[in-house]
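Guided by the hints, dock chain B with the ligands onto chain A, whose structure is given.
Heads up: the sequence lines are chains A and B, in that order. Position 53 (the first sequence) corresponds to 53 in the working numbering; numbering is contiguous. Plus 1000 on top of the position in the second sequence (first one is 1) and you've got the working numbering.
It should be emphasised that the hints constitute simulated quantities derived from the structure, not laboratory data. All C-beta atoms in this analysis are idealised placements derived from N, C-alpha and C, irrespective of residue type, glycine included. Check each hint, because a few of them may be wrong.
[Stated by the list, open to error] Pairs of lysine-lysine, BS3-like flavour, derived with a Cα cap of 27 Å:
#1 A:Lys-85 to A:Lys-26
#2 A:Lys-26 to B:Lys-1209
#3 A:Lys-26 to B:Lys-1211
#4 A:Lys-18 to A:Lys-85
#5 A:Lys-18 to B:Lys-1183
#6 A:Lys-2 to A:Lys-18
#7 B:Lys-1176 to A:Lys-18
#8 A:Lys-23 to B:Lys-1211
#9 B:Lys-1176 to B:Lys-1039
#10 B:Lys-1180 to B:Lys-1039
#11 A:Lys-2 to A:Lys-85
#12 A:Lys-2 to B:Lys-1180
#13 A:Lys-29 to B:Lys-1211
#14 B:Lys-1183 to A:Lys-34
#15 B:Lys-1209 to A:Lys-18
#16 B:Lys-1176 to A:Lys-26
[Said to hold, decoys possible] Output of the computed footprint for chain B on chain A, the stretches with three or more beta carbons under 8 Å from beta carbons of chain B:
#17 23-35
#18 40-51
[What the hints assert, rightly or not] To give an idea of the interface, some chain A residues facing chain B are shown, with a C-beta separation under 8 Å as derived from the structure:
#19 Gln-71
#20 His-74
#21 Pro-80
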Amino acid sequence: MKLAIDENRCKGCNLCTKVCPYKIFKEGKKLNRKGVPIPELDRPERCANCRLRNLYGRQLCGVCQLTCPDQAIHWIDEEPYEPHKVAIEY
Amino acid sequence: MSFEDWYRQDRLPHIFCAGCGNGTVINCTLAAVEQMGWKQEETIFVSGIGCSSRASGYILADSLHTTHGRALAFATGVKMANKGLHVVVFTGDGDLAAIGGNHFIHACRRNIDLTVVCMNNQIYGMTGGQGSPTTPLGCLSSTTPYGCAEPPFDLCELAAAAGANYVSRWTSYHVKELEKAVKAGLETPGFSFIEALVQCPTAFGRRNKFKQVADHVEHLRSHSLLKAKRDRMIENGEQIPAGMFVVGELTRRNRPAMGVKP
Ligand SMILES: Cc1ncc(C[n+]2csc(CCOP(=O)(O)OP(=O)(O)O)c2C)c(N)n1
Ligand code: SF4
Ligand code: SF4
Ligand SMILES: [Mg+2]
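Excised from the complex, chain A in its bound form (with noise of 0.2 Å):
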């Protein structure tokens, strides 16, 4: 599993960087086509719910996706192989 931000839905109010646990979502400078800057991934692979989903085989944390007004935040599965960042929480 994977972060993914919709960037034709995101309108930038940043609510993701401030509910996040991991602080994954950063205020971004990249503008979407509307003019609206959209927010960053920090090593996003240290989501709780893009390590863990597939193995508790059930949503996990999720805050982010709740609390986005915009519906802007998912989850999208990994192509088959694709290379994977290791994260190591302490």
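Relative to the frame of chain A, chain B with the ligands by itself:
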């Protein structure tokens, strides 16, 4: 399935302003509906008029976008015509407590088997920021330019006094709690009322010193007082600081209800 599947993807992005809390409340409500395992064709969403009331149009199920203040009247009709349907009502503070005030208290009194989610942004958002029956004392709106001088309604106390079986209040900050509260409301036979305080950056925040969306959400977080803590404070004779509002499950009881499928 996840709650995303309850959205009409072709209708998104919705019309709400950037940072508007309404979208968050729809997410939480749909996440709760999703957990109920209800069929889409047996679930009906009803709403009145207002920004918040646009919600029903974005959901992949039958929905009624009715006239201002009358969502509960239409929802009562739906429930009376077919008790097998699950009826969820989205409404705003103006829609529910101003023009729809009488429908609200009588729906609570009759204890009709509905779940009502009120997105309380403490203002009339859609029409440009007039004061509503829940605008807090001293807050600015286009009809209270010197600060609101009238005391606001406490919608949850109103619902409980009028007879609702389930009442709880959360905010757009408390997404997980809100989801659980809506689920509890959906499970409870009789009238369930969930008030969700939300930010309205355009009509409320802009006038009331919340420059950033996050400032308003932080205000909602820091001014919510858990019910258990409030009860403890009253027991110890402590003063409840001004501007705080109680959050949590406020009422749960089993009065005789109307419209419950036998
Ligand atoms: C009978 C009638 N009276 C007045 C209006 C104008 N009107 C439209 S929305 C609205 C207020 C909505 O406020 P609220 O329910 O709090 O929704 P919000 O936009 O804040 O989410 C009013 C007065 C109307 N549409 N119909
Ligand atoms: S919460 Fe949603 S709309 Fe707001 S900035 Fe993040 S992704 Fe964009
Ligand atoms: S006016 Fe307020 S309530 Fe209406 S969409 Fe904008 S922020 Fe939301
Ligand atoms: Mg309102």
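Query raised in the report: Are the Cα atoms of A:Lys-18 and A:Lys-85 separated by 27 Å or less?
Result: 24 Å, holds
Report task. For the pair we were handed, A:Lys-29 and B:Lys-1211, check the Cα-Cα distance against 27 Å. Result -> 20 Å, holds
Query raised in the report: Do the alpha carbons of A:Lys-26 and B:Lys-1209 lie within 27 Å of each other, as the hint requires?
Result: It holds: about 24 Å lies between the C-alpha atoms, which stays within 27 Å.
**Report entry** chain B covers the segment 23-35 of chain A, three or more CB atoms within 8 Å, holds or violated
**Finding:** violated (count 0)
Query - Residue hint A:His-74, partner chain B, criterion CB-CB below 8 Å - result: Holds, because the Cβ-Cβ distance from A:His-74 to chain B comes to roughly 7 Å (cut-off 8 Å).
Query raised in the report: Taking the closest Cβ pair, is A:Pro-80 under 8 Å from chain B?
Result: At 23 Å from the nearest chain B Cβ, A:Pro-80 fails the 8 Å test, so the hint is violated.
Query raised in the report: Are the Cα positions of A:Lys-2 and A:Lys-85 separated by 27 Å at most?
Result: 11 Å, holds
Requested in this report: For the pair supplied as a hint, A:Lys-18 and B:Lys-1183, confirm whether the alpha-carbon distance does not exceed 27 Å.
Outcome: 25 Å, holds
Query raised in the report: Does the alpha-carbon distance linking B:Lys-1180 and B:Lys-1039 stay inside the 27 Å limit?
Result: Within the cut-off at roughly 20 Å; holds.
Report task. Take a quick look at whether B:Lys-1176 and B:Lys-1039 sit within 27 Å of each other, Cα to Cα. Result -> 23 Å, holds
Query raised in the report: Does the alpha-carbon distance linking A:Lys-23 and B:Lys-1211 stay inside the 27 Å limit?
Result: 22 Å, holds
Query raised in the report: Has the given pair, B:Lys-1209 with A:Lys-18, been kept, meaning a C-alpha gap of at most 27 Å?
Result: Roughly 19 Å between the alpha carbons, so the hint for B:Lys-1209 and A:Lys-18 holds.
Consistency note: the structure conflicts with the earlier hints numbered 14, 17, 18 and 21.
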